[in-house]
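Got chain A; can you put chain B on it based on the hints?
2 protein chains.
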Amino acid sequence: VPCLSEFELIKQLFAPLAKDAPGALGVKDDAALIALPMGHELVVTTDALVEGVHFRACDPPDLVARKALRVNLSDLAAKGAEPLGYLLALALPATRRLDWLEAFASGFAEDQRQFRISLLGGDTTATPGPLTLAITALGSLPTGQMIKRSGAKAGDHIFVSGTIGDSGAGLGILSEEIPRANPHKEYLAQRYLLPQPRMALGVGLRGIASAALDVSDGLLADLGHIAETSGVRIEMDAAHIPLSDAYRAIHGADAVSVVRATTSGDDYEIAFTVPEDRIEAARVAAQSAQTRITEIGRVCEGNGVVLRDRNGNEIDVLRKGYTHFSR
Amino acid sequence: VPCLSEFELIKQLFAPLAKDAPGALGVKDDAALIALPMGHELVVTTDALVEGVHFRACDPPDLVARKALRVNLSDLAAKGAEPLGYLLALALPATRRLDWLEAFASGFAEDQRQFRISLLGGDTTATPGPLTLAITALGSLPTGQMIKRSGAKAGDHIFVSGTIGDSGAGLGILSEEIPRANPHKEYLAQRYLLPQPRMALGVGLRGIASAALDVSDGLLADLGHIAETSGVRIEMDAAHIPLSDAYRAIHGADAVSVVRATTSGDDYEIAFTVPEDRIEAARVAAQSAQTRITEIGRVCEGNGVVLRDRNGNEIDVLRKGYTHFSR
Chain A
-19 VPCLSEFELI KQLFAPLAKD APGALGVKDD AALIALPMGH ELVVTTDALV
31 EGVHFRACDP PDLVARKALR VNLSDLAAKG AEPLGYLLAL ALPATRRLDW
81 LEAFASGFAE DQRQFRISLL GGDTTATPGP LTLAITALGS LPTGQMIKRS
131 GAKAGDHIFV SGTIGDSGAG LGILSEEIPR ANPHKEYLAQ RYLLPQPRMA
181 LGVGLRGIAS AALDVSDGLL ADLGHIAETS GVRIEMDAAH IPLSDAYRAI
231 HGADAVSVVR ATTSGDDYEI AFTVPEDRIE AARVAAQSAQ TRITEIGRVC
281 EGNGVVLRDR NGNEIDVLRK GYTHFSR
Chain B
-19 VPCLSEFELI KQLFAPLAKD APGALGVKDD AALIALPMGH ELVVTTDALV
31 EGVHFRACDP PDLVARKALR VNLSDLAAKG AEPLGYLLAL ALPATRRLDW
81 LEAFASGFAE DQRQFRISLL GGDTTATPGP LTLAITALGS LPTGQMIKRS
131 GAKAGDHIFV SGTIGDSGAG LGILSEEIPR ANPHKEYLAQ RYLLPQPRMA
181 LGVGLRGIAS AALDVSDGLL ADLGHIAETS GVRIEMDAAH IPLSDAYRAI
231 HGADAVSVVR ATTSGDDYEI AFTVPEDRIE AARVAAQSAQ TRITEIGRVC
281 EGNGVVLRDR NGNEIDVLRK GYTHFSR
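These protein sequence lines are chains A and B, in that order.
Position 196 of the first sequence, counted from 1, bears residue number 176 in the numbering used here, the numbering being contiguous throughout.
Position 20 of the second sequence, counted from 1, bears residue number 0 in the numbering used here, the numbering being contiguous throughout.
I should point out that these hints are in silico values taken from the structure, not numbers from a laboratory.
Just to be clear, a hint being listed does not mean it is correct.
Since the list gives no way to pick one copy over another, a pair counts as held whenever it fits inside one copy or between any two copies.
Claimed, not checked - Calculated lysine-lysine pairs in the BS3-like style (CA-CA distance at most 30 Å, straight line):
id: 1; residue 1: K133; residue 2: K(-1)
id: 2; residue 1: K133; residue 2: K(-9)
id: 3; residue 1: K(-1); residue 2: K165
id: 4; residue 1: K(-9); residue 2: K165
id: 5; residue 1: K133; residue 2: K165
The model shown is predicted, which means the values in this text are computed figures rather than measured ones.
For reference, chain A alone in the conformation it holds in the complex:
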């Protein structure tokens, strides 16, 4: 009789997450089997998260799981894809307690219900280092419909969903351990801990957006990726960057505040460009998806990203060169 090792326990913990996916083969096999709908292509994305870098050791384990999954779903959303499922590779410190893992698995279970997806497979291993996970999310969309980063053209209008900067403000609040009696602070902390991937908006923007991505590095840096891959220049109006009331209550709404919001990252909103004759269609799509979108600038010929104040002067974004070595 083989003994029930710790890894067997972990398998038993994660197996129920795969029970609704016949192709996952009960995660008892080495591989998962996935059939794509006719006329569809596969979209696949992977993200690694490290404790102490992407999340804090004290973060609730169920929210760590849900954020890890949502970060990947957000990538799929920005491409216009619908999620099929995900794989989880987990490197686990030997000291990790089973109750942490149970809560971690329950977070996946919760979001599987919300997003109607399943665990498809995975691998668990020990590590002498921090807990590290890599999630690979699989999605599908009709052939030829993927929204790329590289499609922005001069003359397109730039939009972003939701509000920007909340997550960064939330991390600041959590890190400084400021008392959070204030509902603004509670809201911002939640925006950091549990981003809302814009799945319905992403699907709605198929055939409408010329380029899109999800805002993870910070709006400025991410629009820089569109500028670079599309070979265009991005001009943004600082006054139009959507800031939440909570964000304004904490940081104000002056140029410094806007720069902070557009460089703090972890927003998981969708930034996208739309040709002039498709703007109405984009607004209708956003309304159907019940997602707020805001026009924030224009695509021009040239290169780079510029943030302009009310007078049209370029804001000297001190932290614009800021790159996340740690992310």
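Showing chain B alone in chain A's frame:
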């Protein structure tokens, strides 16, 4: 002008690995796009590897990359799938030098040529812990043709490709830093550092093997997985376990030596079961794939795995309960 961060350098290092895959979008996008051939299904598998656990800090970086990739290709092979490409999630200590990474990337480049696949996407992040990588490999096969673990039936014959135990012996030699003037030792060390996934054999066994998996935990433990998921008992003849001349030269070929070989793992051979009336077809498939296969036992009703000596007596496998918490 944004500064060229360390992560940009890394991107530049890995971008050429994706140049032949249009769907990888030059790894400049968040996601890769993959079209499946008509009438095919997707097979997907993920494995995490941690420095100090799955490979040694002193292992040549190109071989670390190639083994990480091959471990995943081996999973695809055992399912009968042909590889489409892979994603790489990399958690990198800040102290890692660029020349290590260059050699690491060159290992992927080498095996991409050998296996005719491309990098499809990835994610690089910093870690305060050991270098950790997760590879997700994607493959395809005609719909309905995947070879599962769960298909073994009483009466089937059990086969394994190549020889067993070489990799474990190689790790022992490398760990003990015994001088390796001896060509046997060189061969065994190579078997550990650079396993040979049995891609052609796997494809050839479609429609022939009733169950299959690649030997990673050790032949005994892995056949235990087939026994469990198929609901059968596995009976193996110790005298038939294929041992290389090099392995015999180091460890001999008595019962202790066979137990060592079947519990050491990391072989990346394919173990599979074949119904009696398909044995000739399996031998023809192996010959076409230019891969040696050996019959090692029979599938019976019941459960568990048994190793029998020449007299038919059960060998008391002291280390049979051995499970790799560290793998």
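How the hints compare with the structure:
1. K133 / K(-1): between (45 Å within a copy, 24 Å between copies)
2. K133 / K(-9): between (48 Å within a copy, 25 Å between copies)
3. K(-1) / K165: Answer is neither; intra-copy 38 Å and inter-copy 46 Å both fail.
4. K(-9) / K165: neither (38 Å within a copy, 37 Å between copies)
5. K133 / K165: neither (39 Å within a copy, 60 Å between copies)
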